[in-house]
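**Student:** So the chains spell out like this:
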Amino acid sequence: MTDVIFRILLVIGVLFNFFGCIGLIRLPDVYNRLQSATKCVTLGTCSILLSLAVKYGFSEIGLKALVAIPLLFFAATVAAHALVKGSYSFGVKLGEQSVIDEYKDHADQKKNAGQDEIPGKEDTR
Amino acid sequence: MDQFLYIMLYLQIGLCFFCLYRIIRGPTIPDRMVAIDIFGILVVGICVILAVLTDRMFIIDIGIAWIILSFIGTLTLAKYLGGKRLND
Amino acid sequence: MKNIVFFITLLIFWLALTFSVSAANILTGAAASLITVLFFGKYLTGENTGKLLQPARYFWFLLFLLVFIWECLRANFDVAYRVLHPRMPIKPGIVKVELGLKSDLAKAILANSITMTPGTISVDLVGNVLYVHWIYVGSFDPAVYQNKVAGRFEKYIGRIFD
Chain A
1 MTDVIFRILL
11 VIGVLFNFFG
21 CIGLIRLPDV
31 YNRLQSATKC
41 VTLGTCSILL
51 SLAVKYGFSE
61 IGLKALVAIP
71 LLFFAATVAA
81 HALVKGSYSF
91 GVKLGEQSVI
101 DEYKDHADQK
111 KNAGQDEIPG
121 KEDTR
Chain B
1 MDQFLYIMLY
11 LQIGLCFFCL
21 YRIIRGPTIP
31 DRMVAIDIFG
41 ILVVGICVIL
51 AVLTDRMFII
61 DIGIAWIILS
71 FIGTLTLAKY
81 LGGKRLND
Chain C
1 MKNIVFFITL
11 LIFWLALTFS
21 VSAANILTGA
31 AASLITVLFF
41 GKYLTGENTG
51 KLLQPARYFW
61 FLLFLLVFIW
71 ECLRANFDVA
81 YRVLHPRMPI
91 KPGIVKVELG
101 LKSDLAKAIL
111 ANSITMTPGT
121 ISVDLVGNVL
131 YVHWIYVGSF
141 DPAVYQNKVA
151 GRFEKYIGRI
161 FD
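Going down the list, the protein sequences come from chains A, B and C. If you're matching positions, the first sequence starts at 1 in the numbering used here and goes up one per residue. If you're matching positions, the second sequence starts at 1 in the numbering used here and goes up one per residue. If you're matching positions, the third sequence starts at 1 in the numbering used here and goes up one per residue.
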């Protein structure tokens, strides 16, 4: 019984990873790629780790896999957030299909305010 | 049992080539960094399947360490990117 | 107070990773946790430590976890549908959402859960305003999308962390 659940969870995990990678190839710009990739690949890997926890039960391995799940969750979400913010301030525009951009005003304001002191330029030497 | 795990392992390794395609073809630097981030998460899955397949359980520790290191690397690169502009 | 809570959390994490309760192992974990607390304890704000002792918050946390897992699964099927559809029904954009939460921890948790829900990813937090990238902008009315993006979690998180 546990073996069957182990196999099903493993197949689901690899399938979700596959969807995420398809999204990485097909979608048009950075932000959409990041959306599909982060969500699908994180849940797919969580499913693979959960399959391990099901197979070994409450033992050293199972507990280790369960500890890794929240770690992976926070790491993936915070990394995605940092990447979106970094690529926006790097200057990557939203794709052609975009319909609305309310962040532009704030970003322009910040750019004008920080015009005379660009961070990291003065004190790197 | 072994056959099934081998198939899953090869599929998971095959997914890494999708990321490699995006790393090579990516039009801008953030595209490449997104692909590197996803590559790091896929490697954790490979570690887990490999641990079950070879019955050497220390490989899961490598997976946990890989999550943290990939997270720190992505965060550092994103911070570095935030201070730069596309036309610099 | 906040340092004690931090120390106990780190010790539990160590015990879960090593999975043995011999005296030497616990002593090593306690020493490592103590060094971590001494170096990094000053970065914690400690505004939420008093709320750890209120049992109603744990009940809401369990409820929130169930809702979160359900939304997470829905997000994955949503993304899979958009990616596998031949014409890709996407209509992306960045929208502005006002939050009604006060503490910093609650805002951070809300931003993290918005990243894992269907079609949204949080971009930046300025004061009380959260900018959200949305893969399919359903409407341009702020009242409607505010409820659609943040309303699902805001009442739970407000009860847990505020």
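Note that these hints are calculated values from the structure, not bench results. Possibly wrong hints are sitting among the right ones.
Computed list of lysine-lysine pairs in DSSO-like fashion (alpha-carbon distance at most 30 Å, straight line) [said to hold, decoys possible]:
| id | chain 1 | residue 1 | chain 2 | residue 2 |
| --- | --- | --- | --- | --- |
| 1 | B | 79 | C | 51 |
| 2 | C | 102 | C | 51 |
| 3 | C | 102 | A | 104 |
**Student:** With a cut-off of 30 Å on the C-alpha distance, tell me whether residue 102 (chain C) and residue 51 (chain C) pass.
**Tutor:** Answer holds: residue 102 (chain C) to residue 51 (chain C) is near 14 Å, not above 30 Å.
**Student:** Does residue 104 (chain A) lie within 30 Å of residue 102 (chain C) when you go C-alpha to C-alpha?
**Tutor:** With Cα atoms ~25 Å apart, residue 102 (chain C) and residue 104 (chain A) stay inside 30 Å; holds.
**Student:** Are the Cα atoms of residue 79 (chain B) and residue 51 (chain C) separated by 30 Å or less?
**Tutor:** Not satisfied, since the Cα-Cα distance of roughly 33 Å exceeds 30 Å.
In the structure shown, a violation is registered for the earlier hint numbered 1 alone.
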